[in-house]
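**Q** Construct all of the structure, not just a fragment, from the sequences and the given hints.
Read in our numbering, the sequence shown has 86 at position 98, and its numbers run on one by one without any break.
None of these hints come from the bench; they were simulated from the model. Given the structure is predicted, the values throughout are model-derived calculations rather than measurements. We put the beta carbon where it would ideally sit given N, CA and C, even for glycine. Certain hints may be false.
[Said to hold, decoys possible] Think about it this way: if two alpha-carbon atoms lie no more than 30 Å apart in a straight line, the pair counts; the simulated DSS-like pairs of lysine-lysine are:
(1) K90 / K160
(2) K164 / K83
(3) K113 / K164
(4) K160 / K113
[Claimed, not checked] The calculated label-pair distances, taken between Cβ atoms and stated as ranges, are:
(5) G88 / L36: 26 to 34 Å
(6) F151 / E22: 32 to 40 Å
(7) K90 / N60: 41 to 49 Å
(8) L158 / R87: 35 to 43 Å
(9) T32 / G119: 37 to 45 Å
(10) W122 / V150: 22 to 30 Å
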Amino acid sequence: MTGRPALEVSALPQHGFDTRAPLWWGNLFLLMIETTMFGILVATYFYLRQNFLLWPPPHTHISPFLLDPVPNLLIPTINLFVILLSCVPMFLVDKAARRGDKLVAQIGLLICIIFAVAAIILRWKEFWGIGFTWDENAYGSVMWFVLGMHMLHLMTGLGECVFLALWVFLRKFDEKHRLDITVLAVYWYWIAGVWIPLYAIIYFTPRWQ
-11 MTGRPALEVS ALPQHGFDTR APLWWGNLFL LMIETTMFGI LVATYFYLRQ NFLLWPPPHT
49 HISPFLLDPV PNLLIPTINL FVILLSCVPM FLVDKAARRG DKLVAQIGLL ICIIFAVAAI
109 ILRWKEFWGI GFTWDENAYG SVMWFVLGMH MLHLMTGLGE CVFLALWVFL RKFDEKHRLD
169 ITVLAVYWYW IAGVWIPLYA IIYFTPRWQ
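**A** Quick look at the structure:
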């Protein structure tokens, strides 16, 4: 024995929520990187836009040329509302995880999965409403890339929802995975939030020329 004083820490919690959790900070820095990536995509979009007199460019393979082939708004607008509404059950799941309400978390995660699947299906339909293939011209390429990258995040969020739902239903509702749910909620809020300016840019700027 050295006689050095020792702190009794066995009673301290092993996990904490929000800023007390390293996972929360890791997720935050990841979202900062992802936001920067989308910022670069937006800058690329406007850089390409300034190099064309008409945006979107006309379909040169159609005779006569189809001018002003702006993207369809119906499906993208419906999907925008689906993504925003999905934040409601995610918010309820977040709160349920914090207070340890397993039943509400289970039901909420199932509803979130339904919303995520609906958003991905609608996103798939959005690709065909653009009016251009990904390799037709610069406009088609950047539109497909923006939609595709955001769809990838939707699929990632769906995968996390499915995993956590399976864990909550089949395994214990422990504090570690309750923390995972709250981090997923932050990620999903970001997915919804970042889509608002992206939606406005890619679907309305072609109409303002």
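**Q** Each hint needs a verdict: does it hold in this structure or not?
**A** Status of the hints after comparison with the structure:
{"no.": "1", "hint": "K90 / K160", "in the structure": "holds, 9 Å"}
{"no.": "2", "hint": "K164 / K83", "in the structure": "holds, 15 Å"}
{"no.": "3", "hint": "K113 / K164", "in the structure": "violated, 37 Å"}
{"no.": "4", "hint": "K160 / K113", "in the structure": "violated, 38 Å"}
{"no.": "5", "hint": "G88 / L36: 26 to 34 Å", "in the structure": "violated, 50 Å"}
{"no.": "6", "hint": "F151 / E22: 32 to 40 Å", "in the structure": "violated, 20 Å"}
{"no.": "7", "hint": "K90 / N60: 41 to 49 Å", "in the structure": "holds, 42 Å"}
{"no.": "8", "hint": "L158 / R87: 35 to 43 Å", "in the structure": "violated, 21 Å"}
{"no.": "9", "hint": "T32 / G119: 37 to 45 Å", "in the structure": "violated, 19 Å"}
{"no.": "10", "hint": "W122 / V150: 22 to 30 Å", "in the structure": "holds, 28 Å"}
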